[in-house]
Amino acid sequence: MSTVEELAARDDRVAGRPLAARVLSRPEVGSLVAAVVIFLLFMAVAEPFRNVANVGTILYGASTIGMMAVPVALLMIGGEFDLSAGVAVTTAGLSGSLLAWNFGLNVWVGVLFSLVLAVAIGAFNGWLLLRTGLPSFLVTLGTFFVLQGVNLGVTRIATGNVASAGINDMDGFASAHAVFGSEVTIGPINLKITVLYWVLLTLIAAYVLLRTRIGNWIFAVGGDAGAARAVGVPVRATKVGLFMAVGFCAWLSGMHLLFQFNTVQSGEGVGKEFIFIIAAVIGGCLLTGGYGSVVGASIGALIFGMTQLGINYAGWNPDWFRTFLGVMLLLATIVNLYVKRRADLR
Amino acid sequence: MTAILSLSNVGKSYGNVHALRDVSLSVRQGEVTCVLGDNGAGKSTLIKIVSGLHPHSAGEVSLDGSPVSFGSPRDAQAAGIATVYQDLALAPLMSVWRNFFLGNELRSGLLRMLDIASMKRICAAELSKMGIVIPDLERPVASLSGGQRQCVAIARAIYFGARVIILDEPTAALGVKQSGLVLRYVVKARDAGLGVIFITHNPHHAYLVGNHFVILKLGRVVLDAHRDSLTLDRLAAEMAGGEELAELSHELRGVDAGKVVPPASPS
Ligand SMILES: Nc1ncnc2c1ncn2[C@@H]1O[C@H](COP(=O)(O)OP(=O)(O)OP(=O)(O)O)[C@@H](O)[C@H]1O
Ligand SMILES: [Mg+2]
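If you read the protein sequences in the order shown, they are chains A and B. At position 158 of the first sequence the residue is numbered 158 (my numbering), and the sequence of numbers has no breaks. Position in the second sequence (first residue = 1) + 346 = my numbering.
Source of the hints: derived by calculation from the structure; they are not laboratory data. Don't be surprised by glycine CBs; every beta carbon is placed ideally from N, CA and C. Certain hints may be false.
Computed footprint of chain A on chain B, listed as stretches where at least three residues anywhere in the stretch have a Cβ under 8 Å from a Cβ of chain A [said to hold, decoys possible]:
#1 368-382
#2 426-440
#3 447-455
#4 458-465
So the derived list for chain B, only partly shown, Cβ under 10 Å to chain A, looks like this [claimed, not checked]:
#5 Thr348
#6 Lys394
#7 Gly398
#8 Leu399
#9 Ser403
#10 Ala422
#11 Arg444
#12 Glu484
#13 Pro486
#14 Phe506
#15 Arg509
#16 Glu515
Next comes chain A alone, as it looks inside the complex (with noise of 0.2 Å):
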């Protein structure tokens, strides 16, 4: 038997594992090496993407989709998906929008029922997902339809029309546009408030998952749950928290939606739940659950966000936008792995 010298100093010797294959073995890096690589490009054949005001909206495109694509990845990392957190956003703002404006309320209260709403629905996708043990594709897909059907029914009966009415002239619009829709200008740069909450909920989750508890859940849950039960993780808890991560920000964006364009259009999101399970993707999140990263995902909206006003701003015909979208994908998922078996043969 080695001599516990003798371990330490082999352990010694291993432990200084190349820094490069450390920093290549990180899930994000993949979306990384692609933004950059995106960014170059846009730079050289978009002229106004050389423009520094236009940050300010190739950012607000980002955040829209990121503020989704950050609790989507962590659901994924938890091995579940949300096919409706798209339709989701719409029934959020809607939800709020039409109780408000039916019943002459202050919006506030409609921007409360809607957060209650918006959670509900996530909690609704869970406890479903883990009653019936179907697997979240199926149970979510139900919901996705059931909600597209609800958003276009509701504001139908409600308003007799496709779109929620306006409610720019009704109490506490006002503040609740500060909150949910207002913009800063920082020399050039017009920022919107979405950006802000977009850094904020990559940031938090990004702490949660890598420094608590929970995060170690989430990680565990996707990997191997019954292997995580079993060592006493609460499963059902952790997995049912996620869908209700996905429904608060759902709600979050949805409250955006409604101060910002004050209607909110019955028929959107609708193909959304893709783009933010592609960032999540591009950002080094696996399908089968237990390995990605929310920074990655944020990452992967930038992209998302770039490549979008960059084929405007490069003059090109924005229909192969979607096409240039799903080579991306491709692209960045073979790199994710090929740098991911780099770095473990070391």
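Given the coordinates of chain A, work out where chain B with the ligands should sit on it, guided by the hints.
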């Protein structure tokens, strides 16, 4: 000797499969209770009940004399019962130290942040006590060998088991040196006053450390004996099922082990 944990007439059915019937057993302080039996005899089912993974469907489990039914493994752990499962191991993509402390994370400071430095230090120390060196505790456990993973799980149970440690075939994947270490740990835990349930197929291992032996067969207890009233040969014979062994040796007597298969001629 006081029984920490005792089972009386416990039964468990999975649908129409009666995996356990009328099992009584007690785990005493400072004793190793070995559970032996064939594949499918119900050993893992038994320990899953005691660890809170499955509820039992009949009988009574009592802790310190009062009946309990653990709702979840977390409850069992809170009662000081730590388990190494045969089939439920570790989260593959998580690092070694995160797995080691999973469910029992150390936290410090106002924000209840993970105390990563202490966890890594303790994890490294506990693993090197088991005689395995894992160069980098940040590596995912998926990159460890099966035996190393098993050692992580065992080291974890030994570290966190406050009153009862349950080991379900812990030595099945281990080398001679590590098996020896595990057995030594079992003895150490026993001498420290813990109750140990040790499940194995190997009567030699069992007899080395066991105080009490329970053999399960088709979900029933067929032997429950103290070490004093049992020899190793008798234990091995009981495990193989007495007359079945005689039958087997009779059958095999006809086979000449020397020339079972002719060596293949190179072509
Ligand atoms: N989740 C389950 N659902 C249905 N039947 C099960 C389940 N788990 C175990 N069984 C059945 O219960 C019986 C006992 O299984 P158990 O795993 O307890 O055996 P074991 O003694 O641990 O065997 P081994 O030595 O192979 O580990 C087997 O017949 C098995 O098929
Ligand atoms: Mg078993």
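Quick rundown of the hints versus the structure:
1. 368-382: violated (count 0)
2. 426-440: holds (count 9)
3. 447-455: Coverage by chain A holds here, the residue count being 6 at a Cβ distance below 8 Å.
4. 458-465: holds (count 4)
5. Thr348: The hint is violated - Thr348(B) has no Cβ within 10 Å of chain A, the shortest such distance being about 26 Å.
6. Lys394: Holds. Min distance 9 Å.
7. Gly398: holds, 9 Å
8. Leu399: Holds, about 6 Å.
9. Ser403: Not OK, violated: Ser403(B) not within 10 Å of chain A, min 19 Å.
10. Ala422: It holds, given that the least Cβ distance between Ala422(B) and chain A is near 8 Å, below 10 Å.
11. Arg444: holds, 6 Å
12. Glu484: Interface hint status for Glu484(B): holds (8 Å vs cutoff 10 Å).
13. Pro486: holds, 8 Å
14. Phe506: Nearest chain A Cβ about 9 Å off; hint holds.
15. Arg509: Status violated, d = 15 Å.
16. Glu515: violated, 15 Å
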